[in-house]
Amino acid sequence: MLRLVLEVVGRRLLTALPMIVLVSIVVFVILRAIPVDPVAMLLPPGATAEDAAALRAAFGLDLPLPVQYWIWLKHAAMGDLGQSIFFRESVGGLLARAFPATMELSLVSLALALVFSVPGGLLCYAQNTRLGRMLADLGIVTSLSVPSFLWAIFFILLVGVAFPILPFTGRISGDTMLPNITGFLLIDLLITGRLHDWGDAALHLLLPSLSLALSFAPSVIRVLRSSLMDAAHDDYVTYARQRGVGEGRVLVHHMFRNAALPTITLIGVQFGFLFGGTLLVELIFSFPGLGNLMVQAVRNHDMPLIQGAALVFCIVVLLTNAFVDALYVVLNPRLARRA
Amino acid sequence: MQTHPVLALDGVTLQAGTGNKTIELLRDISFTVERGRTLGLVGESGAGKSMIGRLISGLLPPSFQVAAGRLLFDGADLTGQSAAARRALLGRRIAFVPQEPLSALNPVLSIGRQFAEHLARLGVPDRQRQDRAAEWLAAVHLPEPRAMLRRYPHELSGGQCQRVLIAMAFSSEPSLIVADEPTTALDVITQARIMQLLKEQQALHGAAVVLITHDLHLAAQVCDEVGVMYAGDMVERGPASAVLRAPFHPYTRSLRNSVPALDGPRRILPALPDQMPGVMALAGLGGCRFAPRCPSRDTACAGALPPWHEVGPAHRVRCADACLGADFPPAADVPDGLIRLPSEAPAVLELCDVSLHYAGRRGLFGRPAATIAAVHEVSLTVGPGEFVGLVGESGSGKSSVARLVMGLERPTSGRLLLEGHDPLTADQPLLRALREHVQIVFQDPQSALNPRRNVFSLVTQALEVSGHRVDRPERRRQARRLIEETGLPADCLPRVPSQLSGGQKQRVNIARALCVTPRLLVADEIVSGLDVSVQAQILNLLLRLGRELGISLLFISHDLAVVRYLCSRVAVMYRGRIVETGDTEEVFANPRHAYTRSLLEAVPSNRPPVDLAG
Amino acid sequence: MSGWQSALRAGKVQVGLGLLIILLLVALLAPVLAPHDPREQDILNTLTPPAWDAEGSAEYPMGTDSLGRCILSQVIYGSRTALTVAFAAATGSMLLGCLLALVAGYLGGKTDWLVTRMVDLWMSFPPVVLSLLLMVGLGTGVRNVVLAIVLVDWTRFCRVVRSDVIVTRRRDYVTAARLLGFSHLRTIIREILPAAAPLMITMFSLEMGIAVIVEATLSFVGLSVGADVPAWGVMIADGRGYVHQAPWAMIAPMIAIFAAILAFNLLGDGLRSALDPRLRTSRI
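Residue numbers (my numbering), protein chains in the order written: chain A, 16 to 354; chain B, -9 to 604; chain C, 689 to 972.
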């Protein structure tokens, strides 16, 4: 089994590598179409054209596009993603600091979303009255219509402003000193035993992750429900009932096991939405993650940083897909034996 | 000890209520099954025989209720019982053997886990479950039972899955087994083996068996008693041999007579008109529901449900008195001239050592790719006006031959000639003409007819192609000609496929192929999904088309009797090769290849009856 | 066709259509309905609370923002931006996505491989990230927002419609059409496209909802239609700056965004279940 998982993950990673290179080319090409001169805002007032040219040369922006890309790729392969034009700091370092925050946020959101959607899907499926089905249906469509940033603003208005009970800026209160071991705050604070600060960090994480989870859960609920409905017509379900297997066991042991497969596929496909959603949610909650960094980079036309951040987003999505594929294979014996 | 029959239905009427309209899905059904005995419930799909199975399991939608009668299991009435009490019986004292063995097992759980789940419910302690399951699998003659337990359903064949399911059914030593079409999804040879296994296990454990099947011959062979179902009624009931030998009800007779035989004289199949009414049509049908199709109906049939008549020892029939005396005119022999012998004209189709090889799927890390020979060195000719049968089980490569003939695949090697020309070297106009002369009738009318086109547009679809385009009135005229030729009702032109019955869909399918007057029809399993009475209609239609239009037919089928009825020559395919070919009568009378022999032996009506005393 | 008739009778479709018609009317009649020019700044009346508040005034029914602009008028004019972008972007991505899907699904082989790889490549970008990148490259403006959404969301159509086309292509009636002598183009138009049409229309409706979200998101970041075009996302982004002083400033655009998405989702969901009950949710 382990060999199988490694094999699947390995195969996906092998195909992900050229994909990452392609992604970087796409990013590179898009950003070269940029209408604004990125160095313009770095120049002091009254700088001459020579000053600008010198600065451009310093960033390597005067070379032809393929050459620039080749240089960038060579450096990137060695882990050097260049210097941020705006922060005047290495892009790698900036990303490394922001990445764990975003990852922590997305993973907690995903977990929360699953906590909502698995019982939610089962509950929606189990509706056997006309009214119940209609309400479930309506609930799903309505909640699908609330994007994460609306949830975020709504929460800020509700429990931040109207009833100020929860914090809604940053990862932690005030100027608490942060340990930096893994970068994942919840883990670091737990390791260092600072339980009070851990609680504080968790509270800070609550609203952003809730916003993301609530916008992600309805689509999972919907797929789970319709997969369960499909499974309900399958022969093995009828036969299990004919064998006298109880309804609860039929639902959990037989139907859910099968319905989970399309649901997992959906989570893999849709993870990009959740992960991309962090961008705006981080901005709204001033959460110091990749999204916030990317928005700042975009506002300042900081190309090396935009490039780096976009690449990290893509790599995470590709890795997630590889992982979800492996999970799918492990849970689906029809694929497992063939691989 | 008091002796009850294991199962007794006593005047059961099952209603489905939808608002103010109620439909009687089952009317006044009565029968009993004793311990160790087998009752066959026979009928076409929709006759209500599976409904009896669902009634016994109690797994009916809430809107269904038993309006009258009692359902006695071991003397106790189940109709008023709670769902929980009924469930307690299922899998313990009442066991089911399902229709589709491959899909009846949960695809994501291993055989061992599913068996263990069942044994756990029977109270077998955890540590003994694997051993007990393995014992049971060994009892149904599955090789390497331990290894089998670790496998998943998709790794087993249909026959193996059915063995597992039979093992599970008997593992609780139940009093009653309900087997719903347990062999329909299987190949002929596997079918015979599974039926044998079922009988063997029954003899061993002494359970009562209710066998639900569409196959009267099969029922007659393995059952002690049969009940014939039609549109929710049981129309005839009696000892199996008596019902098969001397059926009384006009429906039972036609059921028996519309199946072509493998031996004896070839007779024109008496085909009943129309089709059994669907569930929704039952609402308005009082009296005898068979009457609209009955050749000897009279005014008495329309009134109330006809009474039972005793016509022999334990042999009863539910029919108005008038029918009882009447008899069908004896069926005519197939006229000699009907099946044409090959003439001197060039063959419409000629295959010379044609092979079709697929590159096999490559392994994960470049394991060598094996080629799969779907068709291997097949030679076959179809003369003008000749009907040739191609027989084999699923996966034997017969459908690949059809694809080759239709030009959907290119032969890997060998030569394929249409009317003496090689389509691979023919120029465009000739190629077009050749292709037009060969038309296919697909197996599954569901998939073969675009659900968004109506009958008019479907049957004249060929006229949309440049070169054939005609004006609207001409197209209408053509459409009317085609539906007349294929026996479709005149008012069906504006209907879409979902508004047609299965038989009508297959007629549309044939009509479409006839539009540009082909020389050769390729028909791939076109009657396998149809009920016998409709099958007879379609077979007779093909015979008539051959006679009237002089069309040749390459008829691909797994059903030997049907091939014998239609075709003057037959080729038997096995694993991509033609293992035997020749005159149909000759081949079926004196099969030379072992595979042909085993095919013929597996057909229910051709086997010596299973020992009924068992 | 009866499918369309039953679709119109479905409750969700009716409610969705109703909402959509209201939105359309608001957008079309904006000059009549709006009490003010949405860009007009009233420096004396900044951050006025809504009319029902004790300090509110009837002149600004929903209050004003920090520059003294009428919130109600901005919301009303914002619907023009949202609906224009939604309709244009959904049309564009449907055309691009479905064209590629038909070609790839029908031809199969190398073409299919190439298109599938393209979709894979595109799908490895989180949609928000890619649209942001494109906006950086393209610059702001309504046309560029539409273009960015089309370039991101064609993959949705392509992925789903392609698998639908592949299913249809395997049906015997498509083979039958070819055997009767239909050309490839004719087969696609007469046999395959009609089968995919319900799916395409359903997705079109859902895509309009997604376009509203993306447009609002981009506006929020400040990379959308440009500074002087009223947009709901911009209003929310502005409102965030004075959330403590004037929380009401965000509520109206939030409701507007929600209502628009809900209208498209109700319509799309209703169409889906009415036109093809077997359609799997998982594919969208």
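FYI, nobody ran anything at the bench for these hints, they're computed from the structure. Remember, it's a predicted structure, so these values are computed and weren't measured experimentally. For each residue, glycine too, the CB sits at the ideal point set by N, CA and C. Be aware that a few hints might be false.
[Unchecked claim] From chain C, some residues computed to sit far from chain B (all C-beta separations above 12 Å): (1) Leu708; (2) Arg727; (3) Pro738; (4) Ala742; (5) Glu747; (6) Met806; (7) Leu868; (8) Phe870; (9) Pro882; (10) Ala885; (11) Met888; (12) Tyr930.
[What the hints assert, rightly or not] Simulated restraints on C-beta separations: (13) C/Pro882 x B/Thr12: 32 to 40 Å; (14) B/Ala74 x A/Leu138: 55 to 63 Å; (15) C/Ile709 x A/Gly185: 19 to 27 Å; (16) A/Arg272 x B/Thr174: 46 to 54 Å; (17) C/Gly827 x A/Asp77: 42 to 50 Å; (18) A/Asp77 x C/Phe775: 54 to 62 Å; (19) C/Ile709 x B/Asp481: 22 to 30 Å; (20) A/Arg272 x B/Arg582: 44 to 52 Å; (21) C/Val931 x A/Arg145: 52 to 60 Å; (22) C/Pro882 x A/Arg145: 29 to 37 Å; (23) B/Ile362 x A/Asn195: 56 to 64 Å; (24) B/Ala304 x C/Pro882: 54 to 62 Å.
Here is how each hint holds up against the structure:
Interface exclusion of C/Leu708 from chain B stands, the closest Cβ pair being 27 Å apart, more than 12 Å. Listed as a non-interface residue, C/Arg727 keeps its Cβ farther than 12 Å from every Cβ of chain B; the least gap is roughly 51 Å. The non-interface label for C/Pro738 is consistent with chain B: the shortest C-beta to C-beta separation is roughly 50 Å, beyond 12 Å. Here C/Ala742 stays apart from chain B, with its beta-carbon at least about 56 Å from theirs, past the 12 Å limit.
Distance to chain B confirms C/Glu747 as a non-interface residue, since its nearest Cβ pair spans about 57 Å, more than 12 Å. Remark: the non-interface label on C/Met806 is consistent with the geometry, its nearest Cβ contact in chain B lying 24 Å away (cut-off 12 Å). For C/Leu868, the condition that its CB be more than 12 Å from all CB atoms of chain B is violated, with the nearest at approximately 5 Å. With 12 Å as the threshold on Cβ separation, the claim that C/Phe870 sits away from chain B is violated: the shortest Cβ distance comes to roughly 6 Å.
Separation of C/Pro882 from chain B is inadequate, the least Cβ-Cβ distance of about 5 Å not exceeding the 12 Å criterion. Not every Cβ of chain B is farther than 12 Å from the Cβ of C/Ala885; the closest lies at roughly 9 Å, contradicting the non-interface assignment. C/Met888, annotated as away from the interface, keeps every beta carbon of chain B farther than 12 Å; the closest lies near 14 Å. At the 12 Å boundary, the C-beta of C/Tyr930 stays outside the reach of chain B, the nearest C-beta of that chain being 55 Å off.
Between C/Pro882 and B/Thr12 the beta carbons are some 39 Å apart, a value that agrees with the proposed interval 32 to 40 Å. A hinted range of 55 to 63 Å is violated for the C-beta pair B/Ala74 and A/Leu138, which are about 23 Å apart. Between C/Ile709 and A/Gly185 the Cβ separation comes to about 44 Å, which falls outside the hinted range of 19 to 27 Å. At roughly 27 Å, the beta carbons of A/Arg272 and B/Thr174 sit outside the given window of 46 to 54 Å.
At roughly 22 Å, the beta carbons of C/Gly827 and A/Asp77 sit outside the given window of 42 to 50 Å. Our hint of 54 to 62 Å for A/Asp77 and C/Phe775 is violated, since their Cβ atoms are close to 43 Å apart. For the pair C/Ile709 and B/Asp481, the supplied restraint of 22 to 30 Å is violated, since their beta-carbon distance comes to about 40 Å. Checked against the given bound of 44 to 52 Å, the beta carbons of A/Arg272 and B/Arg582, roughly 50 Å apart, stay inside it.
Under the hint 52 to 60 Å, the C-beta atoms of C/Val931 and A/Arg145, about 42 Å apart, miss the expected range. At about 33 Å, the beta-carbon gap between C/Pro882 and A/Arg145 stays in the expected band of 29 to 37 Å. The hinted window of 56 to 64 Å between B/Ile362 and A/Asn195 holds, with their beta carbons roughly 59 Å apart. Roughly 57 Å separates the CB atoms of B/Ala304 and C/Pro882, a value that falls within the hinted 54 to 62 Å.
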